[in-house]
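Go by the hints and put chain B onto chain A.
So the sequence lines, in the order shown, correspond to chains A and B.
Number 33 in numbering that gives the first Met the number 0 belongs to position 34 of the first sequence; there are no gaps in the numbering.
Number 65 in numbering that gives the first Met the number 0 belongs to position 66 of the second sequence; there are no gaps in the numbering.
By construction, these hints were calculated from the structure, which means they are not laboratory data.
Please note that the accuracy of each hint is not assured.
Below, simulated SDA-like cross-link-like pairs (lysine to any residue); rule was C-alpha separation at most 20 Å, straight line [stated by the list, open to error]: (1) Lys-62(A) / Leu-40(A); (2) Lys-204(A) / Asp-12(B); (3) Lys-204(A) / Glu-17(B).
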Amino acid sequence: MAPSEVLIRKLQRISSLREPDLAVLRGIPIHEKEFQANQDLVLEGDRPSHSFVLVDGLVGSTKYTGDGKRQITSFFVTGDIPDLHGLHLPVMDCTFSTLTPSRVGFMRHDSLRAICDQHPRIAAAFWRSTLIDAAIYREWVTNVGRRDAFTRIAHILCELIYRLRAVGRIDDHIADIPITQAALGDAVGLSTVHVNRTLQELRHKGLIETSGAQTRVQNWPNLVRAGDFNPTYLHNRDPEVVV
Amino acid sequence: MARYYFDSGDRNDAVEDEIGIEYAGLEEARRAGLEGLKDLAKDSLQDLDGQQLFVEVRNENGDKILRLSLSLNVTPI
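This is chain A alone, in the form it adopts within the complex (with noise of 0.2 Å):
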């Protein structure tokens, strides 16, 4: 699919906009690039004259501690734009990176923000995008700060099969699940063993099937209940569509 279609379709899933709107959208210009897992997007500090879509793949932002911890604090699915707060921040606060090979689209911040004053559907639409990445945010904190290992994990792998179902790269919630332990370890602020003690824990309860890095969901609702988790915070139009 071209990058404006993955752009425009996150975009209708979050907000109502109209034919010329994404004749507008179809014509931004988007510069495409590969990335292979684990590659730097865009770092901390950078003053970037672009922001990019994700076309395809698996994205984080991350921040490190001044002792080099990681700390994954959001995932990114198709058709986000992660760094789209780069548009009126000027300098990045966090860097992100590829978790799986990825293909991104960048997009110059002079042609968006032209686009933003002449139309504001489309202003309204990209705003809506950075609230809901704030939404996700605050989710993650209170799952990092307040659930123990067993829901946190269940959480977050809930988080990330209904987004990828949202944005239709899996078709049902038995899904592979695209993400090392160790990556798993740094979204949900666990070491690497807890991480594997854990994901056994799920398993044995029958909620997912794991083969060698892989990690498979086997009973959604279950998972759902152990993870504590209300899809309200991710904003979507059509929820029913997704569950």
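Frame of chain A, contents of chain B only:
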């Protein structure tokens, strides 16, 4: 890199590691085991005098090579 297996739990209630994790050597595996034990304590330490939590490391051959454990002692004074 070698694969290490980390069984962990609470005395009679252990979760056996069937997945394993790769580390450069025993020293790295030991540090990982300690971090795992700290997380386990946060989740599983209850108000039980004598409770013992552990992480036991096995190598690729299945030999037990290291045990890290923590015990809780509650003593009225």
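Evaluation of the provided hints:
Distance restraint check for Lys-62(A) and Leu-40(A): the Cα-Cα separation of roughly 14 Å lies within the 20 Å cut-off, and the hinted pair is therefore satisfied. A C-alpha spacing of about 15 Å is found between Lys-204(A) and Asp-12(B), which places the hinted pair at or below 20 Å, so the restraint holds. Only pairs whose Cα atoms come within 20 Å are accepted, and Lys-204(A) paired with Glu-17(B) is accepted, the gap being roughly 15 Å.
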